[in-house]
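Participant: All chains, full assembly: derive it from the sequences and hints.
Going from the sequence shown to our numbering is simple: count from 1 and add 736.
If you're looking for bench data, these hints aren't it; they were derived computationally from the structure.
Take the hints with a grain of salt, since some may be wrong.
Derived DSBU-like pairs (lysine-lysine); straight-line CA-CA distance at most 30 Å [unchecked claim]: (1) Lys862 with Lys950; (2) Lys914 with Lys869; (3) Lys862 with Lys801; (4) Lys795 with Lys813; (5) Lys914 with Lys813; (6) Lys872 with Lys834; (7) Lys795 with Lys834; (8) Lys859 with Lys801; (9) Lys832 with Lys779; (10) Lys813 with Lys850; (11) Lys910 with Lys928.
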Amino acid sequence: MSNESNETYYNFEDYCRFRNIFEGLYEKSFDENIIQTFISNNKIEDELERQRFIYDCRKIQIYLKHVNTDDLCNNTKCCQYINYFLNDKISSILYKNKDNIFQLFMSYMQHDNKINTHMCVNKILKIDDDIQKKIKELYELYDLYEVIIGRVKFLNNNPSLCDTFNDFITTFNKVVEKNDPTKSSYLFNELKNLKCKIENDGWFSHSTCGSYLKTSWTNKNIEHYTKTCETEGKAMKLPETADGLREHQNTGHGGEIENGSAKANNLRPIMPISLVIIVGGTTLLFMYKVLEKYI
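Facilitator: What follows is the structure, given as C-alpha cells:
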C-alpha cells in the first residue's frame, strides 16, 4: 500500500473495537501443528525471530477464526487491524529481513486451512513505511485518549487530569505539525474527528481547564481539520469490547445511578482502588508502548 485511502485509518471507535477483540482473545483454540509444519518447511535461522514468528502466527490464526465465526467480519474493517498488526510487527527490530518475513506470513496464511479461505487473507498488503508510521501515531493517540476517558470518570476536575490532557494535546499537535495535509487527507480527517470528539465532550467544555486547553491546539494546518464536526453532540464514552468487559466494569460495582451519576456513598469505597487501577494502567500502557518497539 503506497497511497492512502478511506480504508487506511480506523476511526477511534473501530480501532478500539478491533484492538480489544484482538488483544482479548486467549490462546486456547489454535492449531499448533499447522504452524509447526509450515515452519519446518520454511526455515527461520534466528531462534528469537523464529519464536516471534510462531507467536504472531498464533495471534493471526486465533483472530481470523474468531472474526469469521463471530460474524464480525461482514465488511473489510476487521481486515484493517490484522493488516496493521502484521506491518507493525514486521517493522520491529526483531525481524531482520522485512520483505522476506512479510512473504512468509502471506505464505503461512495461504497454507493454514483454518484461515486460508478468510476474506482478509487476500486483503493483506505491505504498507509503505511512511504510511505505517502515520497509522501508528494516530493509533497511539487513540490509546492515550482512551486512558484519559477512564480517568475522567474518577478525577473530573482534578488538576492532574488537566495536565494529562495537555500532554495529549501536545502529542496531537506534533502529529499535525509533522505531516503534510495535502498528502495525508485521510489522516487529517481522523485527526479532525478525534479533536471534535474531545471538544464536544461535556467534561472538556465545562471543566476548569477546558477554556485553557482549547487554546492549546496548534494553529498549523488548522484549515485541514477544523471543519464541521461529525461527532457534534455525542458524549465521550468508552468503546465496547468484544466480551463486554467495560460494561461489566461500569455496572459490576453495584452502585445505583441517580441523574446520570453514581451515588456518592457508593462511589467512595471504590475510589482509592479505582485511582490505583487508573494510575497503574496508565503506567503499564506507557511501559507496553516502550517495550513494544523491541519485541
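Participant: Do the alpha carbons of Lys859 and Lys801 lie within 30 Å of each other, as the hint requires?
Facilitator: 16 Å, holds
Participant: Is the straight-line distance between the alpha-carbon of Lys862 and that of Lys801 30 Å or less?
Facilitator: Since the Cα atoms of Lys862 and Lys801 sit roughly 22 Å apart, the hinted pair holds (cutoff 30 Å).
Participant: Regarding the pair Lys914 and Lys869, is the alpha-carbon distance no greater than 30 Å?
Facilitator: 12 Å, holds
Participant: Quickly compare the C-alpha distance for Lys862 and Lys950 to 30 Å and report which way the hint goes.
Facilitator: Violated. Lys862 to Lys950 sits at ~38 Å, over the 30 Å cutoff.
Participant: Quickly compare the C-alpha distance for Lys813 and Lys850 to 30 Å and report which way the hint goes.
Facilitator: Holds, because 20 Å separates the two Cα atoms, which is no more than 30 Å.
Participant: Verify the proposed pairing of Lys910 with Lys928, using a straight-line Cα cut of 30 Å.
Facilitator: 14 Å, holds
Participant: Assess, step by step, whether the Cα of Lys832 is no farther than 30 Å from the Cα of Lys779, and give holds or violated.
Facilitator: 14 Å, holds
Participant: Does the structure keep Lys914 and Lys813 at a Cα separation of 30 Å or less?
Facilitator: Holds, at roughly 27 Å.
Participant: Verify the proposed pairing of Lys795 with Lys834, using a straight-line Cα cut of 30 Å.
Facilitator: Holds, at about 19 Å.
Participant: With a cut-off of 30 Å on the C-alpha distance, tell me whether Lys795 and Lys813 pass.
Facilitator: Satisfied, since the Cα-Cα distance of roughly 17 Å is no more than 30 Å.
Participant: Holds or violated: Lys872 and Lys834, Cα atoms, limit 30 Å.
Facilitator: 17 Å, holds
Violated hint: 1 only; the structure is consistent with all others.
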